[in-house]
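Enquirer: If you want the building blocks of each chain, they are given just below.
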Amino acid sequence: MNSQSLLSLFAERGCDLPQIDLLQPADPFLDTAGEDLRRRIFITADGNGASLCLRPEFTIPVCLHHLASGRAQARYGYSGSVFRQRKDEPHEFRQAGMEDLGDTSIAAADARSVADALATLDALSPGARWHITLGDQAVFEAVIRALGLPAGWRKKLVRSFGSPEKVEALIASLSAPRERGNGHPAEIAGALDAGDTAALASAIARRMEKFGYLAAASRTPVEIATRMVEQAALDNARLSAEHIADLREFLSIRVPLAKAGETLAAFARRLDGDMEKVLAAFVARVGELVRNGIDLGQLEYDAAFGRPLDYYTGLVYEITRDGQALPIAGGGRYDRLLTLLGASSGIPGVGFSIWLDRLPGSMEHGA
Amino acid sequence: MTLTLALPSKGRLREQALEKFAAAGFPVSEPEDARSYKGRMENEPDIEVSFLSASEIARELAAGNLDLGVTGEDLVREAAADWQSRMGIEARLGFGQADVIVAVPEVWYDVDTMADLEDVAAEFRSRHGRRLRIATKYWRMTQDFFSRTHAIQVYRIVESLGATEGAPASGQADIIVDITSTGSTLRANHLKLLDDGLILRSQACLVSARKSRGESDAALVNRLAASLGS
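Chains C and Y, in that order, are what the protein sequence lines are.
Take 1384 as the starting number for the first sequence in this note's numbering and just add one per residue.
Take 5 as the starting number for the second sequence in this note's numbering and just add one per residue.
Some clues are possibly wrong.
[What the hints assert, rightly or not] In silico lysine-lysine, DSS-like type, Cα no more than 27 angstroms apart, as pairs:
id: 1; chain 1: Y; residue 1: K24; chain 2: Y; residue 2: K14
id: 2; chain 1: Y; residue 1: K196; chain 2: C; residue 2: K1593
id: 3; chain 1: C; residue 1: K1538; chain 2: Y; residue 2: K196
[Stated by the list, open to error] Beyond 12 angstroms from chain Y on every Cβ pair, some chain C residues (computed):
id: 4; residue: H1448
id: 5; residue: L1450
id: 6; residue: I1527
id: 7; residue: A1577
id: 8; residue: S1635
id: 9; residue: P1639
id: 10; residue: G1713
id: 11; residue: S1736
id: 12; residue: P1743
[As the list claims (entries may be wrong)] Derived list of chain Y stretches under chain C, where covered just means 3 residues or more per stretch with a C-beta under 8 angstroms from a C-beta of chain C:
id: 13; stretch: 102–114
id: 14; stretch: 174–188
Since the hints were made in silico from the structure, they are not lab data.
Quantities reported herein were computed from a predicted structural model and do not represent experimental measurements.
Think of the CB as a built atom: it goes at the ideal place given N, C-alpha and C, for glycine as much as any other residue.
The following block holds chain C by itself, in its conformation from the complex (with noise of 0.2 angstroms):
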């Protein structure tokens, strides 16, 4: 199967297929993944200066030219070279895939661009067994939610979630407390010994001013002084030896798809907080893969599967071929990302890619 017939199969399935430019603006890049991106790709400059790098993925152009085309609600699809600098693979390499944009049935959305994945590969190659490895950013959520912690204990975890030995620290460090030194100048000490974010904002304030710091350039003195009040908080916040087995447990759940609805209610029964939105929005996600008529066999849900980047909101997932280790083909709900790009108001996204030349022989080099 060639290019063209992939791309063709996308506008069956209801897909525009946008140009995307081999060259791109480094900044959206770098500024939604992550300065470690720059080493990963290929940089170069215009004569004014400006960051363009080779195309390095097609997620983030195909979102801005959706924002661009002013539209509510599109398909699209692409498939074409991506460069990154990899240490024993090639720089080049091709990749084919769909994002779904701007529709808000979320389970419905998300079991359609699983179904759109596995079309899409039984068409590069037909016979293939596939396994999916399914996670859910928003249960992982819910569970740390229904633990009790303070709000910026929940952030951190949330944000390392999909990083194994970054929630393990994030653990570790919960169950021992942390000193602080206290070697604050005189008058930030007693306003936060008194609890009083006003007093201490104007005492910030009143330094900033006379270090020569821009007030509002960067963080704000009523910033700097909600986080000290709150770290307090924090710093003393304890997860007991239950709630961190539970977590553990939690994170350690690896069930068939067909059974995690059950799995995740009787978890969620032993926990005192409420996650039964989430698990509804679960189950229904899973009717609606059925609906879509793919074979719930191949689907695994691992709990303790995300991908730490801020913008993954709920499901992940990811398919190999039977007997293969290194996925086919990766995807997930980014409902961040259109904002971090510059959309006014949040728009709802999905979508998956595939890595192409993992897939030996299915593909004619072309286009």
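Assemble chain Y onto chain C, guided by the hints.
Expert: Just chain Y now, kept in the frame of chain C:
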């Protein structure tokens, strides 16, 4: 065979390098014409000495255009992503000490550690409509320290080639990664070092470019390293 060796061309670094080489038994005669950038090692005619800026020395070593050079470890680590496969540190020379550090405004009384900074970075976009900005000339080391060591992904680097410590006050950046030897410039700019914000204790080093050398050249490199390192 000839080995090329570059020494820093300016200031204290040049003086200290020359002193160190002389003390180790490898005196270098400086060019008679002050505008020339070539020197000579009287008792080692096989070593060709030139004077270059310290950052150029690191770059030329990384490119394999020099055999040996005296430059700061900070510049060596910054010169290439895979610096260890291109260069080897043969000897630490005991001068040019400076630390590469993460510093934040002194008034950030709520930020003492990289973990605090991670919280601030994560919330920055939603509060200020942009990512946290770090001014530095060390973008590789900054990325390594933030992204790999501390798994902080959401920040932007603002490349700064001079007066980096002034960037937070003027609003060009929020924090800095810079080099400091006594900390006095940091204090003068009302910046503070984070408790775990030390990225590298740097000093001047004898650095070799990794390439295959004949037996006698390799022995000469070892002899030089052993005399300078002791």
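Enquirer: Each hint needs a verdict: does it hold in this structure or not?
Expert: Verification of the supplied hints:
{"no.": "1", "hint": "Y:K24 x Y:K14", "result": "holds (15 angstroms)"}
{"no.": "2", "hint": "Y:K196 x C:K1593", "result": "holds (16 angstroms)"}
{"no.": "3", "hint": "C:K1538 x Y:K196", "result": "holds (26 angstroms)"}
{"no.": "4", "hint": "H1448", "result": "holds (22 angstroms)"}
{"no.": "5", "hint": "L1450", "result": "holds (16 angstroms)"}
{"no.": "6", "hint": "I1527", "result": "holds (15 angstroms)"}
{"no.": "7", "hint": "A1577", "result": "holds (15 angstroms)"}
{"no.": "8", "hint": "S1635", "result": "holds (22 angstroms)"}
{"no.": "9", "hint": "P1639", "result": "holds (31 angstroms)"}
{"no.": "10", "hint": "G1713", "result": "holds (17 angstroms)"}
{"no.": "11", "hint": "S1736", "result": "holds (19 angstroms)"}
{"no.": "12", "hint": "P1743", "result": "holds (29 angstroms)"}
{"no.": "13", "hint": "102–114", "result": "holds (count 6)"}
{"no.": "14", "hint": "174–188", "result": "holds (count 3)"}
Checked against the numbered hints listed earlier, the structure breaks none of them; every hint is satisfied.
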